[in-house]
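There are 2 protein chains.
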Amino acid sequence: MAITVVGSVAYDSIETPTGRRERCLGGAATYFSLAASFFTDVRVIAVVGEDFGAGDEAVFHARHIDTRGIERAAGKSFFWEGSYLENLNEAKTRTTDLNVFAAFEPKIPEAYRDSEFLFLANIDPLLQRQVREAMPQARMVAGDTMNYWIKDHRAALLEVLKGLDVLLINDTEARMLAGNNNLVRAARGVLAMGPRTLVIKHGEYGATAFFSEHSFGEKSDVARPPFRAPALPLEEVVDPTGAGDSFAGGFFGYLASQRAITPAAFRRAMFYGSVMGSFAVERFGTERLQELSRREIDDRFILFRELTHLD
Amino acid sequence: MAITVVGSVAYDSIETPTGRRERCLGGAATYFSLAASFFTDVRVIAVVGEDFGAGDEAVFHARHIDTRGIERAAGKSFFWEGSYLENLNEAKTRTTDLNVFAAFEPKIPEAYRDSEFLFLANIDPLLQRQVREAMPQARMVAGDTMNYWIKDHRAALLEVLKGLDVLLINDTEARMLAGNNNLVRAARGVLAMGPRTLVIKHGEYGATAFFSEHSFGEKSDVARPPFRAPALPLEEVVDPTGAGDSFAGGFFGYLASQRAITPAAFRRAMFYGSVMGSFAVERFGTERLQELSRREIDDRFILFRELTHLD
Numbered sequence: 019m020a021i022t023v024v025g026s027v028a029y030d031s032i033e034t035p036t037g038r039r040e041r042c043l044g045g046a047a048t049y050f051s052l053a054a055s056f057f058t059d060v061r062v063i064a065v066v067g068e069d070f071g072a073g074d075e076a077v078f079h080a081r082h083i084d085t086r087g088i089e090r091a092a093g094k095s096f097f098w099e100g101s102y103l104e105n106l107n108e109a110k111t112r113t114t115d116l117n118v119f120a121a122f123e124p125k126i127p128e129a130y131r132d133s134e135f136l137f138l139a140n141i142d143p144l145l146q147r148q149v150r151e152a153m154p155q156a157r158m159v160a161g162d163t164m165n166y167w168i169k170d171h172r173a174a175l176l177e178v179l180k181g182l183d184v185l186l187i188n189d190t191e192a193r194m195l196a197g198n199n200n201l202v203r204a205a206r207g208v209l210a211m212g213p214r215t216l217v218i219k220h221g222e223y224g225a226t227a228f229f230s231e232h233s234f235g236e237k238s239d240v241a242r243p244p245f246r247a248p249a250l251p252l253e254e255v256v257d258p259t260g261a262g263d264s265f266a267g268g269f270f271g272y273l274a275s276q277r278a279i280t281p282a283a284f285r286r287a288m289f290y291g292s293v294m295g296s297f298a299v300e301r302f303g304t305e306r307l308q309e310l311s312r313r314e315i316d317d318r319f320i321l322f323r324e325l326t327h328l329d
Numbered sequence: 019m020a021i022t023v024v025g026s027v028a029y030d031s032i033e034t035p036t037g038r039r040e041r042c043l044g045g046a047a048t049y050f051s052l053a054a055s056f057f058t059d060v061r062v063i064a065v066v067g068e069d070f071g072a073g074d075e076a077v078f079h080a081r082h083i084d085t086r087g088i089e090r091a092a093g094k095s096f097f098w099e100g101s102y103l104e105n106l107n108e109a110k111t112r113t114t115d116l117n118v119f120a121a122f123e124p125k126i127p128e129a130y131r132d133s134e135f136l137f138l139a140n141i142d143p144l145l146q147r148q149v150r151e152a153m154p155q156a157r158m159v160a161g162d163t164m165n166y167w168i169k170d171h172r173a174a175l176l177e178v179l180k181g182l183d184v185l186l187i188n189d190t191e192a193r194m195l196a197g198n199n200n201l202v203r204a205a206r207g208v209l210a211m212g213p214r215t216l217v218i219k220h221g222e223y224g225a226t227a228f229f230s231e232h233s234f235g236e237k238s239d240v241a242r243p244p245f246r247a248p249a250l251p252l253e254e255v256v257d258p259t260g261a262g263d264s265f266a267g268g269f270f271g272y273l274a275s276q277r278a279i280t281p282a283a284f285r286r287a288m289f290y291g292s293v294m295g296s297f298a299v300e301r302f303g304t305e306r307l308q309e310l311s312r313r314e315i316d317d318r319f320i321l322f323r324e325l326t327h328l329d
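These protein sequences, in sequence, are chains B and W. According to the numbering used here, the first sequence is numbered sequentially starting from 19. According to the numbering used here, the second sequence is numbered sequentially starting from 19.
Just so you know, the hints here were simulated from the structure itself, not pulled from any lab data. Bear in mind that the values here come from a model prediction, so they are computed numbers and not experimental data. One or more of the hints may lead you astray.
Unchecked claim - The following residues of chain W were derived to be distant from chain B, with all beta-carbon distances above 10 Å:
| no. | residue |
| --- | --- |
| 1 | Glu33 |
| 2 | Arg150 |
| 3 | Lys180 |
| 4 | Gly197 |
| 5 | Asn200 |
| 6 | Arg246 |
| 7 | Ala282 |
| 8 | Glu309 |
Stated by the list, open to error - Pair by pair, the computed Cβ-Cβ distance ranges are:
| no. | chain 1 | residue 1 | chain 2 | residue 2 | range |
| --- | --- | --- | --- | --- | --- |
| 9 | B | Ala20 | W | Asn105 | 43 to 49 Å |
| 10 | B | His171 | W | Glu177 | 45 to 51 Å |
| 11 | W | Pro281 | B | Asp317 | 57 to 63 Å |
| 12 | B | Arg90 | W | Glu231 | 53 to 59 Å |
| 13 | B | Asp170 | W | His232 | 52 to 58 Å |
| 14 | B | Asp115 | W | Glu177 | 55 to 61 Å |
| 15 | W | Asp69 | B | Ala241 | 46 to 52 Å |
Stated by the list, open to error - Partial chain B-side listing against chain W, Cβ under 7 Å, derived:
| no. | residue |
| --- | --- |
| 16 | Arg147 |
| 17 | Val202 |
| 18 | Leu325 |
Ideal Cβ positions, reconstructed from N, Cα and C, are used throughout, including at glycine.
Construct all of the structure, not just a fragment, from the sequences and the given hints.
Below you can see the structure in the form of structure tokens.
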């Protein structure tokens, strides 16, 4: 099944203990769609400026990603500058220039309208809701958000959460959203807001899926116990940017490639999410995702199994 | 196989978000031996003061733990007071009164000398080494340590590490010991100091075992890939005190119960370690470990498998 993703396509200047890169191609929709493209067809909705060149678009096309929904606007693309020098687990933002993204009005190409999977990357919840409503045929909708929307746009965000099949956020965001420091209680609080399933990402410690009674279709009597996917212990994290979006892309891309969203398929999707996140951080920006092969992905999936399985 | 453990038997006054307890029975050797006692025979070497009563000793005897190596000295037992009000993952120490522990000279009962498994809990590395040398028959030796010994008693600690089959420490200690913030590189650095296998505990995120070429007997060509055991997502952590020692007890107790230390047995031991840690934190002090049954342990082992396994 095809996935439509709406989110940012941006340029990032990144400093990490390994070095520095200026204006890499980045943005949540970019990482997501590259990661998901190894599993299924992906269509992007975003806005870029006049600085978005043919070489950047070729990165998408090399992975057969549909870019007809990437609008060109007058001005510059979204630009972000961040540093991981102090803490590899959390970027320190130096610059955020929204540029053309400030007036983003998602436009959905006619050719995207049969997408059965929809991913609402981290953007204004009003836009997330607008896209969701404009694509009523989407039967599986996942989304992401961040502290800014949780704190200052809570009402709009809560509207989005009601309609999500899967919400993917990190520990800090889950605790903030639910107002509870205990992760299990925070998860229960977030599930009560509407999403049928919650995936909490723990950075270098992997991710945990928390299920509700509605996680797999019809309401069941009891929710399934949580499922935890590991992260790969990595000798060098060159650039953590995009790890979470790559997780989401691997996770949702794999789900979209499956005939049915069973508990077993969901667990494998969690592993593929972690696999894609582990590749993303091995090089700057999207470099590693661009040159990856499905063979490498499946080999690492086996490694993840060895890392966690008793037999 | 019987395990001999040397370490502290103490009284702890503990404050957590759930409440406060005064002078609970605690200490690394106490948590370790209670946890290990569900798997094998355990013998304790420690020193206590005149405040150690028959009721405290009965806690050990109820679990058939040999206390002949617990020496009674004039004075008071080791006392620790700590608070988890600010951070459930790290205690803030308010008081440490070593008392009789300050002059601890481990004495090994004759009846302990055939123990094939030896656990050196977190005490002065000079004492760890002394006990190790006094028990040459021990064919599997594991140990723990802490930031204080890593920083200020490094030379003595390095001597102990050379002879360890398994070192169990947490993330912070591994990074400090190796002088490297990346966990994989830190693990390699620590393994180069001598321990054949390193288990790094991640608190609420579980634990990872890092293997060397010598982890399973004869030197092999390559080290096995790491193995990660999860921690149970818990709705309430009542008291984190002793979680790491309970992990060590479950881990080492299970290993000692096995006919051979195979990679598969080691992986199961990691799970049993996590299982025992997850029980320990459910109540104050050793309360939960005291009333636990082997049936509950095995049920939770199955839950850990469901939490992590694809099929």
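**Q.** Hints not upheld, ascending by number
**A.** Hints 5, 6, 7, 10, 11, 16 not satisfied by this model.
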